[in-house]
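**Student:** Protein chains in written order, with this note's numbering: chain S, 1 to 77; chain W, 1 to 1020.
Just so you know, the hints here were simulated from the structure itself, not pulled from any lab data. Some hints could be false.
[Claimed, not checked] Residues from chain S shown here face chain W by an in silico Cβ test under 10 Å; the list is partial: (1) Asp31; (2) Arg34; (3) Val36.
[What the hints assert, rightly or not] Straight-line Cα separation of at most 25 Å, SDA-like style, residue types lysine to any residue; simulated pairs: (4) Lys478(W) - Asp5(S); (5) Lys203(W) - Trp47(S); (6) Lys408(W) - Thr217(W); (7) Lys203(W) - Gln66(S); (8) Lys478(W) - Trp40(S); (9) Lys434(W) - Gln66(S); (10) Lys203(W) - Gly37(S); (11) Lys342(W) - Ser300(W); (12) Lys203(W) - Gln54(S); (13) Lys203(W) - Arg28(S); (14) Lys203(W) - Gln52(S); (15) Lys203(W) - Lys2(S); (16) Lys478(W) - Asp42(S); (17) Lys203(W) - Trp33(S); (18) Lys203(W) - Pro44(S).
Every residue, glycine too, gets a C-beta built ideally from N, C-alpha and C.
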Amino acid sequence: MKPIDKVWAQRQVPYAFVWRQQYVSIVRVLDYWRDVGEWWRDEPELWFWRIQGQESGVYELACNPQTHQWWMYHVYD
Amino acid sequence: MALGKLVGAHLHAHSAFSFLSGASTPPQLVKEAARLGIGALALTDTFRLSGVPSFLQAAQEMGIKGIVGAEVLVENLGHLVLLVPDTDSYESLTRLLTEALLSSPRRQPVVHWETLERYGNRLVALTGDRGGILPRPWLQGHRQEIPTIIARLESIFGPHNLFIELTVNYLPGDRLLFQFLNDVAQSRNLRLVATSAAHYARKQDFGLFDLMSCIRTGQRIEQAGPERYLNAENYLKPWSEMAYALRSWPQAVRNTNELAERLQTPDILHKPHYPHFPDLPRAELGSEYLARLVYQGAQSRYGNRAAEVYGRVRHELAIIDEMGFTDYFLVVWDIARFARQKGIRFAGRGSAADSVVAYCLHITDVDAHARQLLFERFMSRERQETPDIDIDFDARRRDEVADYVRQKYGADRVAQVATYQTFRTRSAVREIGKVLGFPYSELDALAKSLPERAIDDIIAHWDEIPELRQYPESERLKLMLSWARHIIGLPRHVGTHLGGLVLSQDSLDVVSPREWSEKGVQIIQFDKRDIELMGLLKLDLLSLRTFSAVNMTLEAISQKDPNFSYDALPHEDEDTYRRLDRGEAIGVFQLESPAQRSLAQRLHPDRWEDIVASLALIRPGPIKGNMVDPFIARRQGREAVTYLHPDLEPILSKTYGVVLFQEQVIAIASTLAGFTPGEADALRRVMTHGRSQEAMEALGIQFKQKAVERGIESHIANAVFQQIVGYASYGFNEAHAAAFAETAYRTAYLLEHHPREYFMGLLNAEPLGYYPIDVLLVEARRRQIEIRPIDINASQVEVSLEDPSVLRIGFRFIRNLGEELSNMLVGQRPNEGWQHPSQIAETIKIGRDQLRALVQVGAFDRIAPDRDGLLRDLEGNNRLGLAAGQTHHTWTMAEKVAWDYRICGFGQREQWLAPWRAKLDQDGYVPIADLKRMTVGNMARTVGYLVRPHRPPTRSGRLVVFFSLLDETGVLEARLSTEGYQKFGHWLFGRVHPILAVSGRIEPQGIDVRSIRPWMPPSL
Chain S
1 MKPIDKVWAQ
11 RQVPYAFVWR
21 QQYVSIVRVL
31 DYWRDVGEWW
41 RDEPELWFWR
51 IQGQESGVYE
61 LACNPQTHQW
71 WMYHVYD
Chain W
1 MALGKLVGAH
11 LHAHSAFSFL
21 SGASTPPQLV
31 KEAARLGIGA
41 LALTDTFRLS
51 GVPSFLQAAQ
61 EMGIKGIVGA
71 EVLVENLGHL
81 VLLVPDTDSY
91 ESLTRLLTEA
101 LLSSPRRQPV
111 VHWETLERYG
121 NRLVALTGDR
131 GGILPRPWLQ
141 GHRQEIPTII
151 ARLESIFGPH
161 NLFIELTVNY
171 LPGDRLLFQF
181 LNDVAQSRNL
191 RLVATSAAHY
201 ARKQDFGLFD
211 LMSCIRTGQR
221 IEQAGPERYL
231 NAENYLKPWS
241 EMAYALRSWP
251 QAVRNTNELA
261 ERLQTPDILH
271 KPHYPHFPDL
281 PRAELGSEYL
291 ARLVYQGAQS
301 RYGNRAAEVY
311 GRVRHELAII
321 DEMGFTDYFL
331 VVWDIARFAR
341 QKGIRFAGRG
351 SAADSVVAYC
361 LHITDVDAHA
371 RQLLFERFMS
381 RERQETPDID
391 IDFDARRRDE
401 VADYVRQKYG
411 ADRVAQVATY
421 QTFRTRSAVR
431 EIGKVLGFPY
441 SELDALAKSL
451 PERAIDDIIA
461 HWDEIPELRQ
471 YPESERLKLM
481 LSWARHIIGL
491 PRHVGTHLGG
501 LVLSQDSLDV
511 VSPREWSEKG
521 VQIIQFDKRD
531 IELMGLLKLD
541 LLSLRTFSAV
551 NMTLEAISQK
561 DPNFSYDALP
571 HEDEDTYRRL
581 DRGEAIGVFQ
591 LESPAQRSLA
601 QRLHPDRWED
611 IVASLALIRP
621 GPIKGNMVDP
631 FIARRQGREA
641 VTYLHPDLEP
651 ILSKTYGVVL
661 FQEQVIAIAS
671 TLAGFTPGEA
681 DALRRVMTHG
691 RSQEAMEALG
701 IQFKQKAVER
711 GIESHIANAV
721 FQQIVGYASY
731 GFNEAHAAAF
741 AETAYRTAYL
751 LEHHPREYFM
761 GLLNAEPLGY
771 YPIDVLLVEA
781 RRRQIEIRPI
791 DINASQVEVS
801 LEDPSVLRIG
811 FRFIRNLGEE
821 LSNMLVGQRP
831 NEGWQHPSQI
841 AETIKIGRDQ
851 LRALVQVGAF
861 DRIAPDRDGL
871 LRDLEGNNRL
881 GLAAGQTHHT
891 WTMAEKVAWD
901 YRICGFGQRE
911 QWLAPWRAKL
921 DQDGYVPIAD
931 LKRMTVGNMA
941 RTVGYLVRPH
951 RPPTRSGRLV
961 VFFSLLDETG
971 VLEARLSTEG
981 YQKFGHWLFG
991 RVHPILAVSG
1001 RIEPQGIDVR
1011 SIRPWMPPSL
């Protein structure tokens, strides 16, 4: 997972982000889920969004809802 | 109940009664729902209504609408959540569950469509979470099956009662799944509902739930698996979050509220279903028939003094009739009559022995009239509780009695009570530790090392507990314990209550589902605490192994003395009391523990009442309450027997002015303060259970006020109340003590006068009592009874009598041999006897390990003393010639004894230390019998086999360890101080070497230990 520097979100739902210096506007949330990971090792819960950008790219973003840190989890070319 | 101001409803929630698939108790779920302002909550445990009583009670208390339901698996297609819409429909769910549970393999219940069709039309159905009946085939790609499933569900439930469930669990693929479910709903004109498919109350409970999931699936925490949950979203969510998560499907949220408004809490608590006695004579009411039986019984019990008890009998019968328990008494009388007719030994115990009616019906053997026992301790108008009648039966024949009850009262109206095996400290540590990857041997040792303290306390004082601080990785262990702490008290699985049987006038299906127990009997889904809430009456038909021992003893005695009458033994046998006085009661029912034997040596019992008092005195309460020494001092006349008020003398004279029994508390409150007996019993119960300072003060004011009104001086009323408060919670039930005293005295009589027969009975009834077999054997040898070891041609299945004063150990005592093989060894033994192990192998189906054990335990010693040779023969024809170079050796006695312990667990020819006595003498270790004769105060050292180390509550609250040491000459009771425990505790608990060298100071009843170390024999 690679950190994403800038994500715009409302009520913790992303609507735009910058990835590889490109501004991506989210046109559709395709899926959303939460994952607790290895909680017994104190891993934080992460929230995931599979979204479609305005340029038709499909991305999976991950967010730590406690720290508001964002990562790129997957990019579907 | 309408939802009122509360918003939202969680209609799919599992509690811990879904066994390892739910991490919260029903009250915890209700409490969380109340905190969130949720209006209605449905409890939907998997195939189970066990949580319903506590759930409905909690819901009522917290003003939440409680809805009853269950989740079921339909034909391996998927789950369905079934909800009860009203009281009348409750029965449909119980019958549906019963049919599913009784027709499926145990622990793998399935509902067949036919069952669903039979009972489903009065229930409401939700289609479940991802394991549900629609999502599961959709996710598995079996979409072609879905239209058929929906059609079938619609035909059963109708569109009004079938709901498509959207679960807010934030899982990958939810959007597509919800879209599909929405499409189904629209196309079939069905409604969506919202749930969170809760398996725990709060999000933070997920860790515990995940650990439970690992226990359930046998996985370690690091292992992934389909049964593990991806996230922590199966909790009771705030309704606003549910609405936000389903903002694209708002109708689901709306429909949920509408459905919750429609569903009603079934009115099922406190509705009596008491049994009917079926054999009433024509034209006679139950109450008339009961009265007739009781008056007849009074004649047989009291003879020409019967009229003395008529007044009391009338009083008891009136209360029994008024409270609706006439048929119950007739049923119990009928069961007791059956047992008597069949020669099955039994005795009523507990507070039922407070009743003259029970005595006259020959249910109990305690003369409540002569002892002036208070009926109100058993039942009263004021006490709105069902009476509990407990009867002990000969363990070997208890099931015959239960079978009779089932046959007579109807299999669908009689069932065993369930019991929930809950996680305790040790099981929690073992199971959680396993999930976290600790090796079994380490967990086992740790579990055995844990003192009887709260886990928080153990963690906080880890370094002060010697047997724990030896472990490396203490931080990891503490972390594991902190998880184990959360699971303690939660139900693990269902079991069968040892003796509890419920009888109902109607089919039990009206009240509870039934299922198979492991033993193969039908049990209801409620435990003993909940059956009363469900309006059922329980009868405790308990197994008592002591009665088995007694009956086997009596069968043997009758061979030499056909006129011996155990039931008519006089209570005044001096030799019996002298044996108790010497502390030689090992083997006596309830009087053999070190504490009881020590008490006897101080109390010097010489009469019946001493035994009754002893049974009440050795309890944690009286010991903590410092009652024992004052009682002994008064009994022996070293302290004056005084009474705070003359009216107390008739009540307390039998216990020398000490308040020892619960009945005395009731009598004092009645006599001095004018409480009705029922009110007085209520006071006794508050004192016993709810000892809050405020409640106690309020009671004190009431007591003193009433006493003063009756002319008692204020300071005396005050002092009496303080005395009651001091003793009430420690008080024991006199009726119970008197009932047990009968068996205690009689078994002491058998031990004194018929030791050979009684030891045989005890050994054959094992496991029973405080001490293991090894101790009984040492005691038997001390009484000049010869114990002969297992012999292939002389042993029977059980321990048997041979010549006068000889007992022969039976085959059953070889571990892993089993009763069936033991029976074959005896039953198929040739007239000339077995000649060789191979002959047995050719005749009966027996494993090589079992034959080897027979050789190793010396069963062939008389016909072929060369054990090594026999063992080699057992290994085959020695084709490789491996044994050619082996030399013969003669087994030493120490070797033989060591093998006896390995195979039987006890020394059948000698106790473990006997072969080492010369060496022990040489090293200055004193045999236990000699040590007991040494002068008190002297120092001595001895070596013994460790028996039952324990850390009981003490008066001072300090941690003191007690244990017994056994050698071939006797048993020694040892005490280790707090300081000694710090130094040597690790030799006593956990993974320990059982042979210990102990030194210490001689005390009247044992040894005050100063040092401990393991003792190893020079070689075997």
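**Student:** The structure should be examined with respect to each hint, and the outcome stated for every one.
**Tutor:** How the hints compare with the structure:
{"no.": "1", "hint": "Asp31", "in the structure": "5 Å, holds"}
{"no.": "2", "hint": "Arg34", "in the structure": "4 Å, holds"}
{"no.": "3", "hint": "Val36", "in the structure": "5 Å, holds"}
{"no.": "4", "hint": "Lys478(W) - Asp5(S)", "in the structure": "40 Å, violated"}
{"no.": "5", "hint": "Lys203(W) - Trp47(S)", "in the structure": "15 Å, holds"}
{"no.": "6", "hint": "Lys408(W) - Thr217(W)", "in the structure": "42 Å, violated"}
{"no.": "7", "hint": "Lys203(W) - Gln66(S)", "in the structure": "15 Å, holds"}
{"no.": "8", "hint": "Lys478(W) - Trp40(S)", "in the structure": "14 Å, holds"}
{"no.": "9", "hint": "Lys434(W) - Gln66(S)", "in the structure": "31 Å, violated"}
{"no.": "10", "hint": "Lys203(W) - Gly37(S)", "in the structure": "15 Å, holds"}
{"no.": "11", "hint": "Lys342(W) - Ser300(W)", "in the structure": "20 Å, holds"}
{"no.": "12", "hint": "Lys203(W) - Gln54(S)", "in the structure": "36 Å, violated"}
{"no.": "13", "hint": "Lys203(W) - Arg28(S)", "in the structure": "29 Å, violated"}
{"no.": "14", "hint": "Lys203(W) - Gln52(S)", "in the structure": "30 Å, violated"}
{"no.": "15", "hint": "Lys203(W) - Lys2(S)", "in the structure": "28 Å, violated"}
{"no.": "16", "hint": "Lys478(W) - Asp42(S)", "in the structure": "16 Å, holds"}
{"no.": "17", "hint": "Lys203(W) - Trp33(S)", "in the structure": "16 Å, holds"}
{"no.": "18", "hint": "Lys203(W) - Pro44(S)", "in the structure": "13 Å, holds"}
In this structure, the earlier hints numbered 4, 6, 9, 12, 13, 14 and 15 are contradicted, and the remaining ones agree with it.
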